[in-house]
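Chains as they are written, first to last, in my numbering: chain A, 1 to 391; chain B, 1001 to 1295; chain C, 2001 to 2315.
FYI, nobody ran anything at the bench for these hints, they're computed from the structure.
All C-beta atoms, glycine included, are put in the ideal place defined by N, C-alpha and C.
Take these hints with a grain of salt, some might be off.
Stated by the list, open to error - Simulated coverage check for chain A against chain C, where a stretch passes if three residues somewhere in it have a Cβ under 8 Å from a Cβ of chain C: (1) 93-99; (2) 105-119; (3) 178-189.
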Amino acid sequence: MFFKKKAMRLASAVLGIAMLGSVFAGCGDEAASSDDIKVGANFELTGNQANYGTACMEGLKLAVKEANEAGGINGKKITIIEADTKSEAAESVNAATKLISDDKVVAIVGPAVTANVIAESDVATQNKVPIVAPAATNPNVTVKDGELKPFVFRSCFIDPQQGTVMAQFAARDLKAKTAVMYIDSSSDYSKSLGKVFKETFEANGGKVVMEEAFLAKDQDFKAALTKIKTANADVIFVPCYYEEAGKIVKQAREMGISCPLLGTDGWDDPKVADIAGADALNNTFFSTHYFDQDAEAQSFIETFKKEYGHAPNVFAALGYDCGKLLIDALKRASSLDGDAIRQAIEATKDLQVATAKITMDPSNHNPIKEAVIIENKDGKYELKAKIAPEK
Amino acid sequence: MDFTHQFVQQLINGVSLGSIYALIALGYTMIYGIIKLINFAHGDIYMVGAYIGFFAVTRAEMSIVPALLVSMVVTGLLGMLVERLAYKPLRHAPRISILITAIGVSFFLEYASMYFVTPTPRTFPNVIDNIAYNIGPFVVNGQQMMIMGITLILMVILTYIVQKTKLGKAMRAASFDVETAQLMGINADRVISYTFCIGSALAAAAGVLVGVYYNSIDPLMGIMPGLKAFVAAVLGGIGILPGAVTGGIILGVIEAMVSGFLSSTFRDAAAFGILILVLLFKPSGLLGKNRREKV
Amino acid sequence: MNLLRKNDLIMLAFGIVLFAVLQGLISTKIIGSFWELNLIIIGINVIMSVSLNLINGYTGQFSLGHAGFMAVGAYVGVVLTTFFKLPFIVALAAGALAAGFLGFLIGLPTLRLRGDYLAIATLGLGEIIRIVIMNIDYVGGAAGFQGITHYTNFAWVFIIMLITLFVIKNFINSSHGRACIAIRENEIAAEAMGINTTKYKVMAFTMGAAFAGIAGGLFAHNFYIISPSSFTFLSSFNYLIMVVMGGMGSITGSIAGAFVVTFISAALANWPEFRMIIYALVLILLMFYRPQGLFGYMEITNMGIFRRILKRGRE
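With the rest of the complex left out, here is chain A (with noise of 0.2 Å):
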């Protein structure tokens, strides 16, 4: 008898918890009429990296909109299918197979980091799927051992490209001899960067005197920069995110280093200046995508700022010309077919995103792309120097 009533008891608390479950699961295939066009959206929505990838959402989700509101593709509608890679590469491999075998989405947009596209692009090539990744710069994204991987593209610039711009800037136009790079180890961004600096500046005839590392989502960073002034430096190479960027620059100023500080296009952000205040930054450089005065980008900007109330950032203008990307190659392409989608994307000419004008670059699916350096002067940009890439 106890052990009935127990069973009982067990069975119906097993059974609710499935029920709610598949309550879940049911209502998961709603909206999305049959005419409807899929793109998976896979991006870091939860974990230590959401604020990149929600902000590169919503610039996928400004760019759709505006693509369904001039009439869609050929007639039919654009529906994003999001997934979330809970900041994890494990996980991003989860999401994309759920967006490729359950949702049977034509083409992925993301992840904003560059691991966890890496991580779903064999799902991805397995199936035929194109993904275009807006904000992974690493030149190990589109390729695998020196062999192209034929469904994934980024709509951004790669890493050799922006530390080769800046080891350039520090080495010719600072007239800097030794630097210091102060890299974050958790970050595959951040390490190609350093590694890439680390050449051209020696190649310049600079020296890199000291390398100190941190770890993303680090308050406190003054042991590291006590050691760094130390070194008496003539420039500091901190390619990360605008997070540590601004308290890193926050803290070496307090810390009374004065010199200049370079970074690259995770500090594209106002953030920063908010976190380590104008004063602190000026004196600062970084590389990125695009100027936010030049005429291309306002129309953008003021779209975003009417759609979200606040500015975009570079996740989100990334996020943007990514969604651009694909809608463009979309409407091009003979069919919704991945093989069809990929041609298309690859014949990507001179299209007008909110950064730059891009073409594809068939050989490494690559945009060939304009980098720009800006200076931070009282709390204000200024554009530096346009830089083409290298040809």
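Since the structure of chain A is provided, determine the placement of chains B and C on it from the hints.
Chains B and C alone, transformed into the frame defined by chain A:
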């Protein structure tokens, strides 16, 4: 800068970082002392405190001291609420299920806040002028001094409450033995509730101070400091108030030294490594008494 | 034939039938690749939670570093298959050996600690393992190990899962296992009875770590890339949640826990912003209504329903 100079500078960095760990660790240790619960949600209470302080400063345009007090009061009430809703019904359940509930509460606070305030980090407005004081070759800035000062004041108040007031006496009695304390006429439920209130308020103070000092807060900011504070509490001897402070400061100094003289990437590993070594030689923490378990 | 053996056989038969059905559904594409992947994850999680249950539930030693051992198994495995081109099965075994050996090394000194002190020590060790891996460039460092061949499939996972269940179940029912349970119930009393508590604690810990290593190997060869960020203390928490949700000290419970947690996560995949909130609420509510977990100390083979079916079969 020679070695001694750098050493002293790292000591300053370490103590100011450690006082934040100490503030969070105090709450951990108080709660543990009374209901033997590792409150994994404590780091997230600290995060909520930071956000309440942020909104008090930006939306209600308060200055820092009232904002700190408002945040401490509201977060203290939140701590009581969490205890009442999530932990009290499980008072007699196995300890592990309360622990899992605490993890659940932690996830809930993190992701509910993420839903409401978005994952984008917020920046604290500059509420205190941050003047750097150069004492000889060393740099101490106003905010660092403020953090250490406020931590000190709060610890004095806490010591007074625990040692001199009736509530404090009841708390000490309950942490010694809840059942006996109840038999002596102490309302254990109320004491536990107040303990959560005080612990959460201290965490909130830490949250606001961190917000002011580092200038940036986000919904997942509590995970690592929460864990570090737990380490600090255990290092000093969990359940012992001076232990939490000692542990926090030691941890902060270790981290600064490792980052300064070795490498930042091994900072956390070194912190855990030292914790484990301490535990192996002194299983109940630095200030803990070694109690022989009796049958 | 005694009841125990018979139960084993019935469970084995049930396992084979379940495998046949699921494999059939997968090969006929009725179960799509997303749910196939989730079945694989459930299998890996079952191995993780059952092996953690051996340490936490049956031996009563509060370990929070299980993901660290999984990481060791995963990285040893992928290094062997990728750099040394060894067969998958060898890599799995080596991963298990490495994780088990590390578990032994770590367990020997730390298992003297009790309760929450052990918890924080194991949590710290798990994190140390992860940080060390993150700093080894040979295995890709923080960026992760890329270019892993995909070996894991449903059959591998299911068969290894069955073996794990069988081994751990028999261990628990052996005299060693009873010694472990005695330690859980009262360590001092167990010692007074002449049980070498250190030996059995280390034995259980080593075994649990070794199975976590196998699970790590399966996990790594399923996702093309592994990175240290998959093995943080938060994932150790996740396995602990599975164990407690199912019931500490019940293998059936661990299976159910792994299933429920994975299933909730997959079913809520379409609502990323609410997924974690709902998950947290389910967790809290479950602990309210079943603080001892879904199954408590019960096994399915001991339950009324199962016994009655057996009896009916005999009549």
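Hint compliance check: list the failing hint numbers for this structure, sorted ascending. none
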